Amino acid sequence: MNQPHQLSGSTNGCEGETHKTKKTFWRTLEELAGSESQTNLVKRLEQHAVMIENALDRRDFIKLMSASLALAGITGCSVQQPTEHIVPYVRQPEEIVLGKPLFYATAMPMAGYAMGLLVESHEGRPTKIEGNPAHPASLGATDLFSQASVIGLYDPDRSQTTMYLGEIRSWGVFLEEFLKDISKQRASQGAGLRILTGSVTSPTLADQIKGILTAFPKAKWHQYEPAGRDTAREGTKQAFGDYVDPIYHFENADVVLSLDSDFLCAGPGSVRYSRDFMNKRRPDVSNPNMSRLYVAECTPTNTGAKADHRFPMRAAQVEGFARAVAYKLGINLPGSGATPYTDHSDAIAALARDLQAHRGSSVVIAGDYQPPIVHVIAHMMNESLGNIGKTVRFIDPVEANPTNQLESLRQLVNDMNAGTVELLVILGGNPVFTAPIDLDFPSALSKVQTRVHHSLYYDETSALCHWHVAAAHYLESWSDARAFDGTVSIIQPLIAPLYSGKTEHEMMAALSNNPDQTSYDLVRKYWQQRHGTGGSTGGSSQTSTTPGQASSPPSNTTGVAPALPNPPDGFDQWWRKSLRDGVVANTTAAERAVAIRNSQQAGTASNIPPLNPGEFEIVFRPDPSIFDGRFANNAWLQEIPKPFTKITWDNTALISPATAQRFAIEIDPARRGGEHGNMVSDVIELNYQGRTLHMPVWILPGHPDDSITVHFGYGRIRGGDTGSFKGFNTYLLRTSFAPWFDVGLKIRKLDETYELASTQAHHSMENRDLVRAATLGEFKQNPKFAKSEADDPSKSKWLFPNWSYPGYAWGMAIDINTCIGCNACVVACQAENNIPVVGKIEVMHGREMHWIRIDRYYSGDEHNPETHFQPVPCMHCEDAPCELVCPVEATTHSSEGINEMTYNRCVGTRYCSNNCPYKVRRFNFFRYADYDTPVVKLQKNPDVTVRSRGVMEKCTYCVQRINEAKITAEEQDRTVRDGEITPACAQACPTRAIVFGNINDPNSNVTKLKAEPRNYGMLADLNTRPRTTYLAEVRNPNPEIKTE
Amino acid sequence: MIGKRKAKLFGLSAEYADPQHLLEAARMICDAGYTKVSAYTPYPVEGLADIIVTKKRRVAAIFLIGGLIGGLGGFFMQYYAAGITYPINVAGRPLFSWPSFIPITFELTVLGAALFGAFGMLAINGLPQPYHPLFNVPRFSLATQSRFFILVEVKDPKFEYDATRRLLERSQPRVISDVYDW
Amino acid sequence: MARTDEVETVENKEAKDALAQPPVIGPGYDFVSITDKIASIVQRGTPVGWYLGFAIPFILTMMLLFAIGYLFAVGIGAWGVDIPVAWGFAIANFVWWIGIGHAGTLISAILLLLHQKWRTSINRFAEAMTLFAVACAGLFPLLHMGRPWFFYWLLPYPNTMELWPQFRSPLVWDVFAVLTYFTVSLVFWYIGLIPDLATLRDRAKSKWAWRAYGFLSLGWRGSADHWHHYETAYLILAGLATPLVISVHTVVSFDFSVAIVPGWHSTIFPPYFVAGAIYSGFAMVLTLAIPIRKAFGLQDFITMRHLDNSAKILLATGLMVTYSYLSEAFFSWYSGNIFEAYVELNRIRGPYWKMYWILVICDVIAPQVFWFKRARNNIWTLFIISILVNVGMWTERYVIVVTSLHRDYMPSAWGMYSGSVWDYATIIGSIGLFLALMFLFVRLLPTISIAEMRTLVPGSKGSEAK
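Residue numbers (the numbering used here), protein chains in the order written: chain A, 753 to 1796; chain B, 81 to 262; chain C, 397 to 862.
Isolated chain A (complex conformation) (with noise of 0.2 Å):
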């Protein structure tokens, strides 16, 4: 172990991460012990037979053996921590003690922009992902993504071994044989030798890219996201002529027009921009103001949902929107819209209004999945509104070869159908199955003699391939990347290797030809050099790549961040200090001065034809939850209920109210599950450019006509066990040529229905106050609008005396208005309290377990709804309806006033959850929880008991996080500090939009919010007196602008 106390005083802040645990720790292994040193072995035994022979395989053998044997409990010290020094977040005990989590700063590198994050160890386990407060992309907040990642890392179904068609070969063959490959590219310079990745913002695998590129002159480079955001680069590019990132600064935006963009949900920035952007929302009587959002788009967004003003769309006539704004702006536009936008027009002229009267404190920010244009049309408004540099900043591109991924993809398949590619390495990704249809990437791959591929599952791709090399998942490697803003972060494994995971830096190693090399080594060298060489300022902008090529080799400095002093006190130091604080110090990106060309040659119109009668518009989305299919296997995101629909497991064509009326297609509650659980769905048949594709249907209010909607994503073969066969593979419809959206598509319904498991169905609030909303001008007027008589104390009617709650009383204060239901915390409570997936059948029977649900109404008209988004974890009602009816006591009141679920007391007589209102009670109808797979295990949190089958459960608002604080504070003779204590969804919740504390301290936060006007607790008139209460919802309409 390393010596942290040589790093005392080093960060400051996050108390509240580091206290985390509980005396349960004995039994906790126990459990752990039970199978996971005889099974487990079992299974590696299989699986590494082969690897035994040689020394290096045995190592990493006997590496997990003895791993097991440390969670059978025989030796408490982690033997399976990475043999490096890793440097824990803050100041820690010299060695692990048993039962205390260790937290480490680290970064999850997704779709190469870098999340960073702090992650909860257990005797080297990583067991649960929480944001990193000093990175600039999380704020200490986190996307679903990162939140789920960390079972990704003990995902059973992962690759385990390096194969060869199939079978299971050693990494030490695998070097021999690609060794053997690589010198005959040496021979001809690397002429048939091609490397396809992802985005990368990695500065040490740029850099090893860049130096195989010199080594191979004639090797060629190509990236390729398949939700890759090519649109919004060549916008930069066309606007501004060269590759620029822009950062939006929505704390300084009092107006904001989103062009069909996603930014509070999609996007390498979006946590911290919708932290930033609901900063501005929180109207109180002190200062009752807020930002007013503009949004113009197609597919219903979270952040059109939080839009004061939504213009809902076809993809298509955003352009023709923008240009209508651009022209009201008096904006000199390049090309002519190719369709003129005719409706709304006084509402885009108030619009426009409304951004003048806001120059330099306004923001345009448009989609990535809308086509350069209309980029060039929001740079060029921001540019005359004066935001550029105010609230539109520009750095140079933080990926270290930005190119057009699409074009470079296009010219890989070139090459490979010309038969000129012979050596294909393939880093991450899954092209096999994301590449564009008309591409026919499979068969083209097919005509290269060696192919590699580098990934976390033996996926389509790898089927296709002649070797296929387990990746190590980012939990377990050394590398570092880039966040959103420029910063770098350097990855720290929490854990070795649990299979023979490599790890990208380590592959390219090889392909440069020493594969020794560890990719510790590999990210200490590439940092050390950093600091040797003083290292020329400048990002990628000097590497001049046109799309449609792929790259030359990249510059010294590509993608790296300006130069960095040596510092003070030595290497280690700085090495240690930037592994501890997840950030390395003075790597943010500066700004980057920039000027909108001459605006003819600024970008031309697109091109798309107007929609033919009869005809659809074809929408292409990532899937909100497993985004392009790489989280497939992730069973926490397949089931996490998709923001609107709230469909699990499963994608559909989403398309209006009207147009489904038109088609006759229905969505019935089914007779068992019904609107909690299992609707039936009409399947259509989708017709475009001459491929067809069955799939249900989904019937979404605000998702204009005309257009239909599709995630891609789903559809995987190979998957894994909970990723296959599950949805339908829209990427079969999806061109390179229009990649998000194009026209052309006929539908057809068929008499087939289809099993849909949704968790809410119902759209109405049917006039029930339980979201509360109203207007700024409204609040202004009467800022108490929400409250109830119940939400006024002295007028509770109550037959007994109250129970007194002295010293802590424990409280949750829940912001509607900033709540941009992205899951996230959903996805964190799941993590954290153990929290088990059903599956679909039992989703669709109405059974799912999430402790907190977001509950999504609308109101007001269809086709263009008003859309409330509302968490409800439990409320722990100071009366609670469900204490009183059990018979056993299994739930009481703690002195807290925490409403407390004993599990071992519970009987199962689901009475509680009859009687609960707000039906926040989760039964284990069967013994939902895996006790068979021992690496599952791992995750498992320690603190929280895993539930078995027939007992209730329920939101204990982290009771495992209140004791360890009170413990905590007990020890230092003090008493528990305001926000000391987060439960993992405040925690988890990009805007804080929750916040938990002690309602007996005048001063804590949550006091403050619930003493706001626009608090009020939800059915309060049935004298629950809930602990958990709402802040009522605020839109901020233009009031020029009159709702139909």
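Simulated from the structure, these hints should not be mistaken for laboratory data. On a predicted model such as this, the values are computed, not experimentally measured, just so you know. Ideal Cβ placement from N, Cα and C applies to all residues, glycine included. Don't take every hint at face value.
Each pair of labels, with its calculated beta carbon distance range [said to hold, decoys possible]: (1) SER1476(A) to VAL470(C): 21 to 31 Å; (2) ASN1775(A) to PRO687(C): 45 to 55 Å; (3) GLU558(C) to GLU1722(A): 21 to 31 Å; (4) VAL760(C) to ASP1095(A): 49 to 59 Å; (5) PRO667(C) to PHE176(B): 26 to 36 Å; (6) PHE176(B) to LEU715(C): 37 to 47 Å; (7) ILE1593(A) to ILE164(B): 45 to 55 Å.
Please arrange chains B and C on chain A, whose structure you already have, making use of the hints.
Showing chains B and C alone in chain A's frame:
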């Protein structure tokens, strides 16, 4: 079987065909001053008890005691459990929420009364009693079906075999049989 | 002394019966013949028909056992229950069976107190019916638990954790009410049986039968003292059983009315449930009595007068139940509570409207034919209506349990429920179990209280001698 073994006389029993004769006989014998007399009928014959039953026990009292024990015990149990030994905040209700305790108190009252009463009654009747000398009289099996019996025990101070037998014969019984005990 | 007045009533009755209604017992019976008639049912060799009749309930019982085995093996998820409808068939069945269990004690207790002579010939199997129905009912609360092997945690027993049941929970009240009810009914029934057991003992032909009945009859000799104390005790027991019957279903109704679920939280539930219980109870009495009297030729003891009276009671209780339905509907509107109002409308027009209207047809409309004497005196009408009422009352419980839960406060949690195949196997199996027990009962014990019947024989009153 009688006579085969050495048996000692237990009493004399007379059998009647209908309740009227039985009642008359009973009255006559009791008037004659016999005390150890008992009558056996297939169903409760009206008025018989007034003539012949000497020791009347207060079955009702037993019910009452049982009911009190059940009720008070039940209520105290709940109070003790909820208020004293395991006081815990349930649904913000007071520890001693007596209204909720009423239903169980009532049920236990009934239960206590019923059990005490029923078993008390059996006890008073000296049941279960597998053996009784009368069972040695073959025809006595009719006592639970269609015939009515009177038994005069030897224990009776006025008992004197011949006199008693003559007295019984005067009441026109169907049969008179010696009841032996051994 | 209760006896004396009873004698009079009997006289008046028989006088009246002679003129007006058919008598409660056929003509020309004396002590011997009546005893033979009833006891012989038990003592003659088992008829083939009995085996045939017993076969089906027996198979159903086996099915029940299998369903239970499967349930315990995999867990409660085998049933259709979900969130929000966490109670389903099981609770509906429980309430239904308990309800049926009410007629027995009611007939024997209340009618005894009211000196209704006509009860004597039906009370015995009515009580048996009660016991078996309550036994079936008792199954379901156990089965529906998530962890049935911990059922005893609902009982107060000394334990090292010093844990107790939560006495504020209606479920605990249930446990006490049902157990008490079962125990008291059992005692009542057994006490009533003792004299007849003695009769059987004394008529026993085989040594084993003699031993068995001898053991059970506790050496009953029918002495004057015995009868004296016996009658007092029996009368007081009846007095206790009567409020007990009322209390049991009241407590059962608390399971619902104490909860805050709209559609449950209603003060009318206790009387409403008691009426419903008697309603379904008498329906079941008819359903059983009609075939039994036919099969064993007991028309002379279970006469048309019994059936006629039962029908009248059906009509009366049916009207009470109807009134409850109406008042429920009225208050859901009058209270101005949107949740209550929604639940009521949802019952009538919602996804479960079919169930609701089935219950209206069976429970409200069907019994109205009993206004007509012709209907009351037609065996087939009686039989069919009684079955309809049974069906209707089960539907009522289903409607109460399911339609209230499936759409309560939060539309976001609204869902649907429908029983799984295992739910159906369990309810049908429990009916099988019930019938199987009835078959065994009529085979092994006198279906009618012989001792009490003897008192109906002309000339059974000693007082005539005075």
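Handout entry: Hint numbers contradicted by this structure
Key = none
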